[in-house]
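Those protein sequence lines, which keep their order, are chains A and B.
Heads up, the first sequence is in this note's numbering, so the first residue is 1227 and it goes up one at a time.
Heads up, the second sequence is in this note's numbering, so the first residue is 1227 and it goes up one at a time.
You can take every hint at face value.
Taking lysine-lysine and the DSS-like style, the derived pairs with C-alpha atoms no more than 27 angstroms apart in a straight line are:
no.	chain 1	residue 1	chain 2	residue 2
1	B	Lys1231	A	Lys1372
2	A	Lys1344	B	Lys1286
3	A	Lys1234	B	Lys1426
4	B	Lys1565	B	Lys1532
5	A	Lys1402	A	Lys1463
6	A	Lys1234	B	Lys1344
7	A	Lys1371	B	Lys1231
8	A	Lys1234	B	Lys1371
9	A	Lys1393	A	Lys1371
10	B	Lys1237	A	Lys1455
11	A	Lys1524	A	Lys1576
12	B	Lys1496	B	Lys1296
13	A	Lys1483	B	Lys1272
14	B	Lys1231	A	Lys1402
15	A	Lys1234	B	Lys1286
16	B	Lys1371	A	Lys1231
17	B	Lys1237	A	Lys1463
18	B	Lys1231	A	Lys1231
19	A	Lys1344	B	Lys1234
20	A	Lys1496	A	Lys1576
21	A	Lys1371	B	Lys1234
22	B	Lys1402	A	Lys1231
23	B	Lys1463	A	Lys1237
24	A	Lys1463	B	Lys1551
25	A	Lys1234	A	Lys1372
Bear in mind the hints are in silico, worked out from the structure with no lab data behind them.
Computed from a prediction, not measured in an experiment: that's the story for all the values here.
2 protein chains.
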Amino acid sequence: MFERKHLKNLKGYVSGIQPTFNNDIIKLNSNENPYPPSSRIMDCLKDFNFEQLRFYPSAKSDSLRECISKIYDVEVENIFCGNGSDEIISLVFKGFFEENSSIILPYPTYTLYETIAKIQNVNTIFINTDEDFSIDIDKILSTSKKATGVVIVNPNAPTGILLSVEKIKFLLNQFKGLVILDEAYIDFADENSSCLNLIKMYPNLIVLRTLSKSYSLCGIRLGYCFASKDIISVLDKIKDSYNIDTITQLIAEEGLKDRAYFNINLEKVKRTRIRLENELVNLGFKVYGLNANFLLCKPENGLEAKDIYDYLVDQNIFIRYFNQKRLADKLRISIGTGKEIDILLSHLNKLVTEREMSFEPNF
Amino acid sequence: MFERKHLKNLKGYVSGIQPTFNNDIIKLNSNENPYPPSSRIMDCLKDFNFEQLRFYPSAKSDSLRECISKIYDVEVENIFCGNGSDEIISLVFKGFFEENSSIILPYPTYTLYETIAKIQNVNTIFINTDEDFSIDIDKILSTSKKATGVVIVNPNAPTGILLSVEKIKFLLNQFKGLVILDEAYIDFADENSSCLNLIKMYPNLIVLRTLSKSYSLCGIRLGYCFASKDIISVLDKIKDSYNIDTITQLIAEEGLKDRAYFNINLEKVKRTRIRLENELVNLGFKVYGLNANFLLCKPENGLEAKDIYDYLVDQNIFIRYFNQKRLADKLRISIGTGKEIDILLSHLNKLVTEREMSFEPNF
Chain A
1227 MFERKHLKNL KGYVSGIQPT FNNDIIKLNS NENPYPPSSR IMDCLKDFNF
1277 EQLRFYPSAK SDSLRECISK IYDVEVENIF CGNGSDEIIS LVFKGFFEEN
1327 SSIILPYPTY TLYETIAKIQ NVNTIFINTD EDFSIDIDKI LSTSKKATGV
1377 VIVNPNAPTG ILLSVEKIKF LLNQFKGLVI LDEAYIDFAD ENSSCLNLIK
1427 MYPNLIVLRT LSKSYSLCGI RLGYCFASKD IISVLDKIKD SYNIDTITQL
1477 IAEEGLKDRA YFNINLEKVK RTRIRLENEL VNLGFKVYGL NANFLLCKPE
1527 NGLEAKDIYD YLVDQNIFIR YFNQKRLADK LRISIGTGKE IDILLSHLNK
1577 LVTEREMSFE PNF
Chain B
1227 MFERKHLKNL KGYVSGIQPT FNNDIIKLNS NENPYPPSSR IMDCLKDFNF
1277 EQLRFYPSAK SDSLRECISK IYDVEVENIF CGNGSDEIIS LVFKGFFEEN
1327 SSIILPYPTY TLYETIAKIQ NVNTIFINTD EDFSIDIDKI LSTSKKATGV
1377 VIVNPNAPTG ILLSVEKIKF LLNQFKGLVI LDEAYIDFAD ENSSCLNLIK
1427 MYPNLIVLRT LSKSYSLCGI RLGYCFASKD IISVLDKIKD SYNIDTITQL
1477 IAEEGLKDRA YFNINLEKVK RTRIRLENEL VNLGFKVYGL NANFLLCKPE
1527 NGLEAKDIYD YLVDQNIFIR YFNQKRLADK LRISIGTGKE IDILLSHLNK
1577 LVTEREMSFE PNF
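Please model the complete structure; the sequences and the hints are all you need to start from.
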């Protein structure tokens, strides 16, 4: 076969099950937002001149970059837009990491980084997180001489653990390679958790964002990143010439501009997260980080994570089970609507009650 | 800086000028289709449930691949869909060509291939086309031992020259590396010019298609390719996990399904091409290949290509001028609407007449 040597044994990225859009299914397995995107999107498409699709899109998504520039108060030259964060991550590897070089990743983290590194023939050095899944910057720094890059997903997935701005600064002050900070879930964390402002001080920092989570727009592929002008210009040079659809650019801009709706949805998700956390604790689950639109939890009530997962699939409720080191006894649950979480909780409640009943003495 | 060594001196791909969508401009510089895409697209988007955008798209564009399978009578396992052909070309280089290996390209051809090869750190060996720009397969074969791949754009851009199926077969019978056959413009050539059916016989052939040209849909980024199951499975493994928007998948499918409209537009473009060719010849231009939705032509009437280009820009008419070897004395004109071509021709006519007048004796 014709494929390159280093790809022969590679398995592609494995995403959560994607059942067909269907009102009977409760889908809490891909950290999608339970609320629809802004209605401004539908309105603006009504006025869209479809004839325009016969022309190429703006190659650099000019208007969208300007919109992002205003919202985040960052210069346009420090902004790049990609066909999802996925494209940006691929481009970062393609543009900045030589083949057979090494990057550092905490374990566990978003598995796509390992997949993309392998595709790009870049080695990965995993640094185990602490028992509570917090990331130890000293451990990373003690290994960092071997690496030209460090990836931190913050809040981390699938743990929901947040590293403070201070700790990221500490890393940036010591490590002179590239630091990729993936803030896909940062909007769900407390205010002032983002390291976006640090791009002005650190020319080796790339901060990634996406419309997939907090903007309910994973159906369009739109990620963006912030970095020094030099880094952005390399990304522009190596990206596909027209990487984002005209309609996608338009939808993204409308989605971003509706700040009021964005904030309302964030608050709803955060409130549901608090409620879910409380209920899970009451049901005998240990819950990890509270900073994203999902919760990682471990049943400590005698139930097995995999059994709970399988049972819920039978009820048409999809959560995420990772059959891998340190995660196989845990479950990741995306924050759904209040009603979806009610249904989930009633099933979990039933399982826990049945389990307790099975320990009652027989008369 | 952090960029990889081989990228330091790379210049990115240079596309034609993309003036803002505007009725005062005649845009004949990017081989866009002069007719709008199928109106079925607008209709289907009216029924689209925008809430669906909160979910990830189909990772493999399942429904779209099935639609392509039916239209082209090719098995789904032999089809891949990308975020424009651009993404597919990038993935082919990423997946099949080792760094520092070499591929063969005719000269001139679509310059994006050279750019992507450089980005991917793959060497390019250019084989000069004959004086009339036809591609000499024997010359390619005599160099092919040094190469693991051959790229043929067919009809070639910017020449419009078509290689016959027989000649491509001859290449495939001799050359055992990967053959990338880019049929972006094939719909504008005569029937039975495509090599699509050859994928069943040759496991080293990739045939690329796009919705950008004959389907008037370059505003959405959608390319597809046909190849052996093994090649497709590698592309699936190394692509971004969700590479195409939900809406893009839907628009592409509707665009493809409207066969009647597709055929009507093709005929209109072909008729205008014949007319433009005749008129250009009458005006003292030599015209090259007649197989795509553009014509490459060389003024042999005393006018300079660059002067014509500059004059037309001042009239808000954009055609393409390539300041490179063997092309700097020529112009590439995309086929516009009948009316656009009328306006273009009246300006060319004026230039030619003025030129002739300047040679009249003074009384």
